[in-house]
Amino acid sequence: MRNQRISRRDAICIGGITSLGLGLTDLLDLRRLHGVSNNARAKSCILLWLEGGPSHLEMFDPKPDAPVEVRGPMDSIQTSLPGVRLNECFPLTANIMEDVTLLRSATSPLGEHNFGAHYLLTGYKPTPALEYPSIGSAVASIRKNPGILPPNIAIPRFTNNLSGNGFLPPSTQPFAVGGNPQRPDFKVQDLNFFNGLDGTRLQRRRKLANAFDSFTAETDKASNVGNPDLERAYNLLSSEQAKSAFNLAEESSEIRSSYGMGDPIGQSCLLARRLIQRGVPFVTVNSSGWDTHNNIQTLKKRYATDRNAKLPSLDRAFSTLISDLKRQGLLDDTLVIVMGEFGRTPKINSNGGRDHWPRVFSLAMAGGGVPGGQVIGSSNPLGEFPQDNPVTPSDIVATIYTLLGIDPKHELHTSDGRPVRLAPDNAEIITSLIG
Amino acid sequence: MPTFPKFYILSTFFLLGSWVDIPGSSALALDFVNDIVPVLTKAGCNAGSCHGAAIGRGGFKLSLYGGDPKSDFESIVYQLQGRRINKSNPQDSLILRKPTEQISHEGGTLFDLNSESAQRILTWIQDGATFNSSLELANISVSPERILLDRTNIPVDLTITAHYSNGLTRDVTRWSVLTSEDETAVQTSKENPTVKPIRNGRHIVTVRYLTQVKAIEVITPLVDIPAEIQIPATKIPNHNFIDSEINQTLEILKLQPAGQASDSEFLRRVYLDLTGRLPAVSFTKSFLSSNDPNKRHALIRSLLASPEYTEFWSYRFANLLRLRPQSLGEENSEAYFQWIQSHVAADTSIKDFARTLILAKGDSRINGPANFYRTTTDARQHTEFTSELFLGTRLRCANCHNHPLDKWTQDDYHGLAAIFAKVDLGEEIRIKLEGTSIHPRTSAPAVLRIPGSEINLSNSDDPRIEFANWLTAEDNPYFARAFVNRLWKLTMGRGLVAPVDDFRDTNPATHPELLTLLADDFVDHGYSVRHTLARICESAAYQRTARSTEHTKHDNMYYSRALRVPLDAAVHADAVSDVLGLPERYGEHPPGTRAIQLLNPLTSSRSLDILGRCDRSGSCDDPTAGPSPLSKLLHFFNGDFLNGRLNASGSRLQNLLAEGVQPKDIIKEYYLAAYSRFPTQKESEFWLAELHKFDTNSNRDQFLEDFVWSLMTSRDFITNH
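In order, the protein sequences belong to chains H and X.
Numbered according to my numbering, the first sequence terminates at residue 448, and the numbering increases by one at each position without gaps.
Numbered according to my numbering, the second sequence terminates at residue 723, and the numbering increases by one at each position without gaps.
Source of the hints: derived by calculation from the structure; they are not laboratory data.
All C-beta atoms in this analysis are idealised placements derived from N, C-alpha and C, irrespective of residue type, glycine included.
It is possible that part of the hints are untrue.
Distance windows between CB atoms, simulated [claimed, not checked]:
id	chain 1	residue 1	chain 2	residue 2	range
1	X	Pro146	H	Phe398	43 to 49 Å
2	X	Ser344	H	Thr427	43 to 49 Å
3	X	Asp522	H	Gly365	56 to 62 Å
4	X	Asp507	H	Thr427	21 to 27 Å
5	H	Asp401	X	Ser135	41 to 47 Å
6	X	Val663	H	Ser227	25 to 31 Å
7	H	Gly365	X	Ser329	24 to 30 Å
8	X	Pro146	H	Asp401	46 to 52 Å
9	H	Asn362	X	Phe243	55 to 61 Å
10	X	Gln599	H	Asp345	53 to 59 Å
11	H	Pro394	X	Leu170	51 to 57 Å
12	X	Asn701	H	Phe206	35 to 41 Å
13	H	Ser251	X	His241	46 to 52 Å
One side of the interface only, derived from the structure: several residues of chain X facing chain H at Cβ under 10 Å [to be verified]:
id	residue
14	Thr186
15	Ala187
16	His553
17	Ile612
18	Gly628
19	Lys634
20	His637
21	Leu644
22	Thr682
23	Glu685
24	Phe688
25	Asp708
Using the sequences and the hints given, assemble the complete structure.
Structure representation (structure tokens):
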């Protein structure tokens, strides 16, 4: 199944009934029926996770004609797609819209950070019975990644709202690079040998540690021989080449400054590009500070000459990432997603900010086989709810798996053997995102 | 629980919806609450995915699972110009035509016009479509409550009975909704009240009728075992009442328990559980060589009486109470911690402990327990904290709506918040009678109320008194259970109810009777923590080995073996310091300060961060995920935590080498320090063979460093087992 894909024509054909009404099962059955090959292009995924809930109205779904309390204090600009406008802080993104697809009709009932993050990052609404794995962890457990670099990396860290691995083994948890990639002295901690140690000593330690655990495994049948975490750490430490992936100093200063230096998101995106270039299948860039209950204007500018506020920094980082990937011939292989846990209230509140609003929000996607230059779905004129093509986080997650060439019906197993689908049963693939 | 005459289980079919089974009730007309709402629930009309959604569906909104029948009645009888109900022509009512799909319905055909559901609705409208509910549902009972089967794929019928406040009962099997927590484990059918396990193990099915939910357990043996094999409970060691139910369950599940833990295993485990430390090498030697048949019992007693016990359990209590100087202030934290310590040292009754916290008043810089109110910043947060702490219940779901899977209502939540709103949370904790908490549904100050109870409190001087009285009353069903369940988890590795702060009707205990017995025993012995800990540690279940057999390795909740639990971050850090023989420095604290002694859970320490400590900003009940295992191992390999002290000046290794101790004896010493045991012969031979490879002392010393490093990263060291 992994190497099959439904053709765009088939998708449109089925989509004719209702562009989003296609159940997962139908689509996959159809695929099997036609024997259409799935050349899912995306080998890797870079997720820009905007933690806190980014405002759809100040980003990808501005409402210039709405009353001022909805429109908000910022302007909007025309983009390279006729009739499609973005917030005024996105001039660079506006120029590359032929590579970008906006999804303006995401909808969820969960307006709390933790719940929203769970839903968007796992495709499942959170339940006390089971913690589901995030997309990156599921990818890490499915893709038998032969590389030495960890398969699931978070820059600089993963969101605090969930562990990431859920019921999967902790080894699939996102590896946090830590620190701040824009600092000149940035490096991943503990990659260099401790004073006085060398590769030979580490090798012996690994051998002896395995000896201890093997003795344990002889008497404890629940105990595995060998420690896979130790193996992974050892392999990474003994490969200079793998370790150099984290060295941003290898990039030219032009490239570094084009990604932007004022907010960590710029250099984080650059590091993400270096990692997927080296075969890492899933990288999350975690950007915090999007929970704008107060003064929404600070997203644009925090003081008079500020050009490193959230929105301009995102515009620079995202647009540079897309063009950089394109220039290097990596865009077709790399799915880039911009999303957060929900949108913001259509009406500006008394503190000049916007509160949580899950009923409609927007995402941007590019690369990885997603046909660019589209706007999928829309919200109503006041940005309150989906006007057409509502899609749920489950649908989004199922579509991401599909784009990555992974069957969303694939079953993972909990520690007690319970089979769980990657995406819930009722998830529907957003066919227009699959080129 | 009431018991039912057998014939009740017989043909429920003939009892469906008929009234003859209720003595004296045949004259009752159908009413909305008791007769119509169940039809809507059964058909799924008021589910979250249909009209029960917060925004309704297709312009028609019902309350989730019929939680608010008044507003549902409103929607059906009065909204849409009353077109949903047609009294002059009942057959034309939309409420009938839609679900039977005589006109287009997005949700499809839910029942036929001839069905009982349709007929009920029709009769109700013909009778005048009244809300009129003289019957008030008190609770439901399900029979059987617990289904034990010796193999899968056997269907079992359930009978659900509604109990009304006037004493009447009615069979409501037909109208109850069964939901399997996991359909791949237990199948339920929409049509029949039947459950069928299809996967081995213990599974939960939730039964809902109107506002009432009940969970039933469906249990089959964990592993496929020929039917003739029996594991009689009487053959399993039984030290005290704790073992009785555990052994019974093992018999039912056909789980042959693992054998008794060795003295070494028991020693290390009980030391870690009661004092958060590893035993000293000298003590280990004398304990292992002692022939006293009573030595385990004596050890438990002496550890419970030790200052190390007080220190460790004060740390655990500080975790529980989320003590952090960041929110309390330095001076307050000291006062609070001293108070905690004095309680743990004196083993004061937990009832008094809770009462003192809840009723605390005065200057929080001097009066420690007053800081209970300074851990949170408002009445709602305090409601959630208090309910998790003392009721073991996550009340927070009831902030926004009645809990769909539990009995807690929004009124319970905001009623308790209204009590705490009467507390001024300043430095001086005092009662402010003007304080209110707004109920989101009414937008008015919430009525003071004790959770789960109908009694509304008047504005007495200090409304907390009534809450404390209710909470700590001997017959309070939550308090003692929630507390002993925590003690159980802290020693046995998993709560009988897990997670420990998620007591819920739909999350039953693995061993319900044991939980009751433990709680009763705790109450009978003055709510003494030490008493209950001693009971647990003395049980045969506690004293089983953690080494699992092929047979027990899948068991993680029936105690056929002891569970292997990762060391708590602070305990782990201290154990490393003790084995290496050199303490770690924590900020400006004097050398020798142990991690469990740190008052401030954010004291700068990369080791504690790497080990995944709890920062007490929320509940510490479940181990925090912490950094990924890769980060941990990278730090073990290249960080300071282990490398900085393996053979540093003053370390155990350097001292032993300086004393001229033979390498093979050094290895033995480390086994005793880290594992509380001697190496086996096979292990000794392995290490001797390794040592023979070295001719120079410096090479050999480096090897010993590597030996110690590997020991410190081994599975048997980093877990309690």
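Hints broken by the structure, by number, lowest first?
12
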